[in-house]
Every structure is written in structure tokens, then in C-alpha cells.
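K.L.:
For the sequence shown, counting from 1, position 612 maps to 612 in the UniProt record's numbering; every step adds exactly one.
Keep in mind that the hints were calculated from the coordinates and are not lab data. Predicted, not measured: the structure shown is a model, and the values here were computed from it. Ideal Cβ positions, reconstructed from N, Cα and C, are used throughout, including at glycine. Possibly wrong hints are sitting among the right ones.
[As the list claims (entries may be wrong)] Pairwise CB distance ranges, derived in the manner of DEER restraints: (1) 22 - 185: 21 to 31 Å; (2) 203 - 26: 38 to 48 Å; (3) 485 - 465: 38 to 48 Å; (4) 22 - 484: 19 to 29 Å; (5) 484 - 74: 47 to 57 Å; (6) 241 - 543: 48 to 58 Å; (7) 481 - 301: 48 to 58 Å; (8) 465 - 332: 43 to 53 Å; (9) 474 - 149: 53 to 63 Å; (10) 138 - 456: 19 to 29 Å; (11) 456 - 95: 13 to 23 Å; (12) 26 - 420: 42 to 52 Å; (13) 542 - 241: 50 to 60 Å.
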Amino acid sequence: QVETVNSSNVLAIASNTQILTSMPDQLTTENISVATNIAVQILKKPNISEDSQASVAVMATVSQLLDANETEFNNNNLVNVTTSLTKTMEEFSFTVNVSQPNVAVQSAPLKLSSSTILFSAQRDTALGYYQSTKLEIQENVDGLIGDLSTEVQILFNIINTNNGRVGFVLYQNDKLFQSRIYHSRSSFSKQIVSGNIDNRNFSSVEIAFSPKYNTSELQLRDHACVFWDYAVNDWSTAGCAKRRDQFLKCRCNHTTNFAVLMTFQIKYKYAKPLEYISYIGVGLSMAGLVITILFQILTRKTRKSSVTWMLVSLCFSMLIFNIIFISGIENQNARNHSSNATSYYQQYDTASNTLLTPDMVDPPTDSWCTAVAALLHYFLLATFMWMALNSAQLYLLLLRAMKPLPGHFLVTMSVIGWGIPAVVVAVTLGATYREGKALSYRQEEFCWLAALDQNQNFSVQKPMLWSFLLPVALILLFNIIVFIKISVSVIWKKNENLTRNKKDSFTKKMIGTISIVVVLGITWTIGYFMLISHEGTSLVFSYLFCIFNATQGLQICILYTFRSPIFKKKVSEVLPIFRVPEIPLYLHSKTYHVSKSQPANHSQQTFRSTQTFSDSISLATFPNS
Numbered sequence: 001q002v003e004t005v006n007s008s009n010v011l012a013i014a015s016n017t018q019i020l021t022s023m024p025d026q027l028t029t030e031n032i033s034v035a036t037n038i039a040v041q042i043l044k045k046p047n048i049s050e051d052s053q054a055s056v057a058v059m060a061t062v063s064q065l066l067d068a069n070e071t072e073f074n075n076n077n078l079v080n081v082t083t084s085l086t087k088t089m090e091e092f093s094f095t096v097n098v099s100q101p102n103v104a105v106q107s108a109p110l111k112l113s114s115s116t117i118l119f120s121a122q123r124d125t126a127l128g129y130y131q132s133t134k135l136e137i138q139e140n141v142d143g144l145i146g147d148l149s150t151e152v153q154i155l156f157n158i159i160n161t162n163n164g165r166v167g168f169v170l171y172q173n174d175k176l177f178q179s180r181i182y183h184s185r186s187s188f189s190k191q192i193v194s195g196n197i198d199n200r201n202f203s204s205v206e207i208a209f210s211p212k213y214n215t216s217e218l219q220l221r222d223h224a225c226v227f228w229d230y231a232v233n234d235w236s237t238a239g240c241a242k243r244r245d246q247f248l249k250c251r252c253n254h255t256t257n258f259a260v261l262m263t264f265q266i267k268y269k270y271a272k273p274l275e276y277i278s279y280i281g282v283g284l285s286m287a288g289l290v291i292t293i294l295f296q297i298l299t300r301k302t303r304k305s306s307v308t309w310m311l312v313s314l315c316f317s318m319l320i321f322n323i324i325f326i327s328g329i330e331n332q333n334a335r336n337h338s339s340n341a342t343s344y345y346q347q348y349d350t351a352s353n354t355l356l357t358p359d360m361v362d363p364p365t366d367s368w369c370t371a372v373a374a375l376l377h378y379f380l381l382a383t384f385m386w387m388a389l390n391s392a393q394l395y396l397l398l399l400r401a402m403k404p405l406p407g408h409f410l411v412t413m414s415v416i417g418w419g420i421p422a423v424v425v426a427v428t429l430g431a432t433y434r435e436g437k438a439l440s441y442r443q444e445e446f447c448w449l450a451a452l453d454q455n456q457n458f459s460v461q462k463p464m465l466w467s468f469l470l471p472v473a474l475i476l477l478f479n480i481i482v483f484i485k486i487s488v489s490v491i492w493k494k495n496e497n498l499t500r501n502k503k504d505s506f507t508k509k510m511i512g513t514i515s516i517v518v519v520l521g522i523t524w525t526i527g528y529f530m531l532i533s534h535e536g537t538s539l540v541f542s543y544l545f546c547i548f549n550a551t552q553g554l555q556i557c558i559l560y561t562f563r564s565p566i567f568k569k570k571v572s573e574v575l576p577i578f579r580v581p582e583i584p585l586y587l588h589s590k591t592y593h594v595s596k597s598q599p600a601n602h603s604q605q606t607f608r609s610t611q612t613f614s615d616s617i618s619l620a621t622f623p624n625s
């Protein structure tokens, strides 16, 4: 229950209200409404300015309200009470001088000799708020002062003067002025200054703002000189003009609550062009993938097998991803920005004082970058999907003891391998991309999925998490489980039926293990360790990630093509200098002698095969299907 304010309890109520609003982050809309109503009642009390303690307490309350959460002020129920408060503050400004962290009130008498009167304010750089020693009212000045440390100035050009007073109110932010037109996404606070003369004898008002913002991260694109129009409860540019030099300046023909609305563009730190090591690694990877694809297709008859469709699909998707990555990952805006940073940003409109709507604008549209991001998203997802399908194939062969897979298996795998990534990309684009709002889907620094919010913090609402990191994490987890199963059950399993000289050597087992690791993409798990906040540790994992994954195509080529007996034979036929010596290759059940002149029938059965998976799987070649 709110106690009625009267002359006997005004100080007590003002002090209690100040105490109750001392934790602004916990204030609700209802709390703000009640406290604002009390402040209005106190400020309207006759001779309240003579009670300095009550005046300071009520101004402290208003200052604390301006620290409340922004969202609490968005309630339409607060419109009337905030309007009442700001109007009352204008009347109150004629009588007192009070300064609080988020609000300052200054007044001065008008003299007959006054031709101009200037109010200026500087914020304490150490404390971050206004102090009375930083507020100043000067008479008969030549104009606005040129000190850039002065954040706000308001100058009245007086026509004639009678006895009267001038009052100024300065708000640290615009929470009491909730606009339906101008939308703010940044945390940059907008100062509001109110200037009033009680006899209204002035010709014009000049305002100058020197906003303090991070110039290394933000580029000012435009500003608008506005006042708060109580008729519509929103900002208006009527009667105001703008110009810009070292300050943002306004000239208006009326008095009220003035502000400068600003529009910024982020100064993106564009990714540097790929280093030579990246070009070399990706180039070798692409060459290896091309060789592997051609080998699988051209030697299918020699190998008396159909094309290894699963491996070819994996290599093809990885190859296309690498081609797009190396040619299109850099944003076109990055090249434009580096060549001419001035023309990259839109020309500043210094003439038209047009009401602005957002405080942040996106950089120039680059549809090509959006297309590249979508293609990279698709082919990298497809690459991981084919890794998972290769993993699933290995597991099915293990369960079926190497028996042929069903005839429809490849068709089903193809639909899954190419179809599911297309669905994920389509859903992601549909949920995030809007015309003119491409950065909801992709990043600006380079052409890839968006991951960070406005404050450069990782955001769960951005597509990077739910359309890439989570699906890939599930695929890698599945692949790791299959890898462990195959390693334990096949590669490193002891077989007491084999003689010692026919047991696989440690080197062969390691090669088999590495082969499975590469084709299942296990090394991509290193990418998740790059998220570690410790800079040194993250840097180490970043280098490991680049080394292992930029050359994944080359690794596949070495392990699944260069080590193939057929590839060695073909190479030795073309280049005799690479003649392959006879090397026994034990595959548990049979011994094969690999050489150029070896008769086709030279194979000997060493013992009866039980036709188990462990007796049949080759550690050097990927199963054909």
C-alpha cells in the first residue's frame, strides 16, 4: 500500500523509496510504476526545492530507476507514469541543482543582459557518471564550445529577457523514453537533455553531442536530431535540423527533451586471406581426393568389383567442400574494405534530418557470400554424413560376418547421404535467413555460419550450434563408438588359430587403426577442443586441427590408394623405376605374394578359414560395396 505524500512525511517517504529502489536489477514493472508515482507526487509538492534532503532522495530514486532492466520499461502500462515523471522533471528543473549518477538537474536565473545561455556537461571518466563539478551554466557565450571532453551542450539564443529562470535536465539513458519507431540492439546508452525557459523568449536552441563509443569497433553511419513528442509519445524531427563536424549538432526552434539518434555499423575484423600453409594443405588434399576418385572408378574392372560408392561419395563431397572453401571463404566485402575503407561505408547524410529506425545496420549485401556459406554448410554436412554411413557400413559388415549387403543398401545410403544435409540446410535457411538480414544465417567476417551474438558471445540461437555443431557431434560420437568396436573386435583381436608368422605385425595394426580413424573423421573431434578458453591450449589444438583435417584427403589417398597393390602394380607398369618387390601380405586365411610377375594362381591355403569378419577384413583397403 502506497502512503499518501504530505508535507509532514515527504522526507520519510522519499528516503524509504530510495532504499526500496536501491537494487534496480531486481525491480519489476510494478515496482517501477509505484516508485515513479511516488517521485511525481513528491516533485509536485509546493516548495519541495527548499527541502534539499527530500530533493536529493527523490532524484536518487529516479537515478536508480534508470538502472533497472530495459525490458521492464517496455510495458505499455508505464507510458503514462513515465510521461508524467519527465514533464514534472521539466518543471522541477527551474528550482534546484541536483546531480546523481544517471540524472542531473541544473537551473539558473535569467538576467536582463543575457543574450545566450549555455549548459554543458562532462562525465567523470573514472566514475562513469555525472558530478556537479562537471556541470556548468554560462551566460553570454559566443556559441558552443569546442572541447571534445564535453559530452552534451545546449545553447539558448535569447531574444529578450524578463526576470525568469532556465532549467536543464540531463538523463544518462533513454529508458524513460521508450520508442516504437527507433529500435536499439546495442548496449550504447543515448543521453537525453531537456532545456526550458519559463518565459519562452528565445529564437533557437543549439545542441551538440560528443558521444563516447568504441571507435575501433563501431563506425557512425548517420544521426538524427529529435525531440520527444508527447502528442505521439515518440521521437520526432519536426522543427530540428542537423549538421556534423567534430560534434553531432542540432538546431531546433522549440524546447523539450532532445536527443541524437545514431546508427552504427560494426567494424568487422575480416578474416585474413588463407596462409600459404592452408593453400598447400588443402591443395594436396584436393589432389589426393581426385586421385582416389579416379582410381576407384578406373580400376573397378581390374579389381573385379564395382566402384566403392561409399568411399567415392565421401571423397567427392570433401573435394567439392575444399574447392568452395579455398575459392570462396573470403567475403567480398573484406576485399572492398581493404582496398577502400572510406567508400566501404555508406556516405554520411549531413543534410537530411530523417528519423532513424535501427541503431545498427548491416554491411553491404553480399549474396555471393551467403550462397558460399550455404554450399559449405551442405557439403561439409554431407562429408560428415558419408563418414557416418561408412561407419554404419563397417558395423553392418561386422554384424553380418562380411556377407553381402542388401541390393537396395546403396540406394538407401545415397538418399540419406545427400538428402539429409539438404534438408538441414533448407530448414536452417528458412528459419534464419531473411531478405536484407543475411547475418542471421552467416557471419560477416568470412562466409560461414553465424555463431556469435551482438556482443561477440557464443549464442545458442545462432545456426552454428544447432545446425552444425550438434549434428556433427552426434556423428562423431557414433563413429567413435564404431571405431572402438572394430578396433577391439577385429584389428587388435588375438587369434590363437594363427601361427606367429601370420599374425599381423604391430605396424599393420597401427596402419589399419589409422585408416579407420581417417575415413571416419575422428580427427575432427579436435575442433571441439579449440573452444577451450585458455589461449595457449586453444592455439595448440588449432594447429593440430589444421594439420590433420586440411590434409584429410591426402591421408585417404595414401592409406586407401597408394597402399593398394593394384595401384602399385599400375605405377610400376608405367614407371619401372617404381617396380614393387615381392612382399608377403597375410590376411589371416590366405597369403598373397604381391609382385609384377607373380602368377595369378600363386596363392596357397594355409588353413581352413572360418569366414569370420576378423579373418576376412583387409586392413589396407576399404570394403567394396
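K.L.:
Run every hint past the structure and note whether it holds.
P.N.:
Now the hints, each set against the structure:
In this structure, residue 22 and residue 185 meet the distance hint of 21 to 31 Å, their C-beta atoms being roughly 29 Å apart. Hint check: residue 203 to residue 26, Cβ distance near 47 Å, so the stated range 38 to 48 Å holds. Checked against the hint of 38 to 48 Å, the pair residue 485 and residue 465 fails, with Cβ atoms roughly 29 Å apart. Roughly 58 Å separates the CB atoms of residue 22 and residue 484, a value that falls outside the hinted 19 to 29 Å.
Taking 47 to 57 Å as the suggested C-beta distance range, the pair residue 484 and residue 74 conforms, at roughly 53 Å. A hinted range of 48 to 58 Å holds for the C-beta pair residue 241 and residue 543, which are about 57 Å apart. In this structure, residue 481 and residue 301 break the distance hint of 48 to 58 Å, their C-beta atoms being roughly 36 Å apart. In this structure the supplied range 43 to 53 Å is violated for residue 465 paired with residue 332, their Cβ-Cβ distance being about 26 Å.
Between residue 474 and residue 149 the CB atoms are about 55 Å apart, so this pair conforms to the stated range of 53 to 63 Å. Taken as a hint, the range 19 to 29 Å is violated for the pair residue 138 and residue 456, whose Cβ atoms sit roughly 42 Å apart. Checking the proposed 13 to 23 Å range against residue 456 and residue 95 shows it is violated: the Cβ atoms sit about 46 Å from each other. Between residue 26 and residue 420 the CB atoms are about 47 Å apart, so this pair conforms to the stated range of 42 to 52 Å.
Between residue 542 and residue 241, the C-beta spacing of about 52 Å keeps the proposed range 50 to 60 Å intact.
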